[in-house]
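Q: One letter stands for each residue in the lines below.
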Amino acid sequence: MRYRTESGGEERWIERIPQGLRFEDREVEADLHWVSAEEVTVELDGKKVRAFARRSDTGWRIQIRGQTFDVGVEDERAVAIRELAGEAGSSSGSRELRAPMPGLVIAVLVEPGQRVEPGDGLVIVEAMKMENELKAEGAGTVSAVSTKPGDTVDRDEVLISFLVEDA
Amino acid sequence: MSEPFRKVLIANRGEIAVRVIRACREEGLTSVAVYSEADRRSPHVLHADEAIEIGPAAAAESYLDPDRLLEAAARSGAGAIHPGYGFLAESAAFARSVEQAGLVFIGPSPEAIDAMGDKTRARARMQAAGVPVVPGSEPVATAEDATAAAHEIGFPVMIKAAAGGGGKGMHRVDNAADVPSSFERASREAAGAFGDGRVYLERYLENPRHIEIQIVADAERTIHLGERECSIQRRHQKLIEEAPSPVVDPTLRSRMGEVAILAAKAVDYRGVGTVEFLVEAGEFYFLEMNTRIQVEHPVTEAITGVDLVREQLRIARGIAALDGAEAPSPRGHSIECRISAEDPTRGFLPSTGRVEGLEIPTGPGIRWDGGIRTGFEVGLHYDPLLGKLIVHAADRDRAIDRMRTALEELRIDGVETTQAYHLAVMSEPDFRASELSIRYVEEHPDLLRNPDPDLLETSFAIAVLLEAGAQRSPSVRESASPDQRARSVSAWVREGQK
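Line order of the protein sequences matches chains G and V.
Quick note on numbering: the working numbering labels position 85 of the first sequence as 85, and the sequence is numbered without any gaps.
Quick note on numbering: the working numbering labels position 386 of the second sequence as 386, and the sequence is numbered without any gaps.
Hints are computed from structural coordinates only; laboratory data are not their basis.
A hint or two may mislead.
Chain G stretches covered by chain V per the calculated footprint, using a threshold of three residues with CB under 8 Å from any CB of chain V [said to hold, decoys possible]:
#1 8–15
#2 35–45
#3 53–62
#4 67–78
#5 130–139
Ideal Cβ placement from N, Cα and C applies to all residues, glycine included.
Turn these sequences into a full structure, and let the hints guide you.
A: This is the structure we're talking about:
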């Protein structure tokens, strides 16, 4: 079976073969053992690596030598099905500002109908005693404001909705 | 000699509370922890000899409420209060009410806190004492006054909270048009963080290093224990500190030390404290004095062998600073990395969650001062500092190598942390060459853009091995903890459960 792996914008197709793994340009002898519920020991061409692994929404979250990699994994069938179904386009004319972290809304700097340019301040959210000004990433018109000063917001909660002309 | 106190209440939480509890135990004193509802099972509560609940999670109703703290002290029979850092550590009013309650405040006098706490008055006082300061203004009342002061000083300027510290209410302004909005924001942040919205302006130095001098003082002597370099900061919050500073030679050290002693003596300082300076082109300017133990105190402890928190307790008990000895000569090099619940890949935004896995590095010259444990909930109520990793080695290069190894072994799972950022800094050429300034973080924005390519390939390989293994034998998935399984349910199920 072949797998598509992805992390931080990098993509690799890797095949699981009996003795290990086949990358696009090479084969590697590979062996993996679970040490505990979340710790694995891996040998890749004789080189040992200790890692921690847990499932994530899209694949596996892997920690090696103090660094964390969120690796998306799909087998070739899943990739084929997804490509057949076609991915919905995301630039459909409306955009949203979502809270990047949980926090307390200190100020809302825009109102419905207002035009914003990239870099314009939209909302100030306070988290862990620091104020963070959330800015517009692109130009557009505010279509709705879904928060107000004093609100406690969760991460990914929609704060402001926009209409974007050039969608 | 009659004992002024036998029992100490620690008016704080997290790693510093644990640190103070340990020092109390070594000093033969009984420790009393206080905790909010959110901290019932936090390490400082588990470590202490006694623990008293003081209120809800919100700091204003628990760790920041002087009445509840004094009530807890009375209930426990504590004879002294150690404030740690942050919270009420630099509140002269709190120190005063502790003394009025007949207890010992482990720190300087309320007058010294007052004198240094108001940054503009401190500046004036330091100038009068002959301590060099960065050119700046008096507190400004309106945006118009701020603009006028800014023109007088010359752009760029810094707007700073008069009552402040720790980066809150501090803003750089490059031109007159931005003064009013920054003035408003700084005033609001200052009012929120310190209950005092006054701000003042200072000239903005382009490329200074942040270097500070550790002071220890009793009634007779004021001693300095050399410097710490804390140039690597983000929004005025320190990330990495080291001692000694790679750019301070013995001559500069003794000059800065003398000035720091002058500053401390000017306010009749007692206990441990830190005089902070900006250093640019061989010149140094007084920034502020922190009238408390600092987060980064362990690097000084490592190179001097002095237990600074125990010194605080001993000086408060009336014992001579350093037992009457001279300052020890520094040995080797020490580095501290602050491990915070912030996501460096997303602009250091705070991260919350439950600590699912925790592995602390050990070995020669490695120290961990932490306030978390497995199962610990990292919430939004308190400072994001989870713990500090400190190393000590013969010289700076070896200390960096040791820190890198320790960071590779540290594992905190369940919440995003600054760990990988620190790892990247340890290999970055400017850091290795000690080419530092307080702009280091903004001048190196790509530290996390390019992860180690070998580790990335390895993680791809592991992910495929795991995925293939999981499909072949479901027992691997079964071995995951119930909590992990809960995370892999589909978004539909999650939505349905709401």
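Q: Does each hint hold? Answer for all of them.
A: Here's how the hints hold up against the structure:
no.	hint	verdict
1	8–15	holds (count 4)
2	35–45	holds (count 5)
3	53–62	holds (count 8)
4	67–78	holds (count 6)
5	130–139	holds (count 3)
Figure legend: structure checked against the earlier numbered hints; every hint is met.
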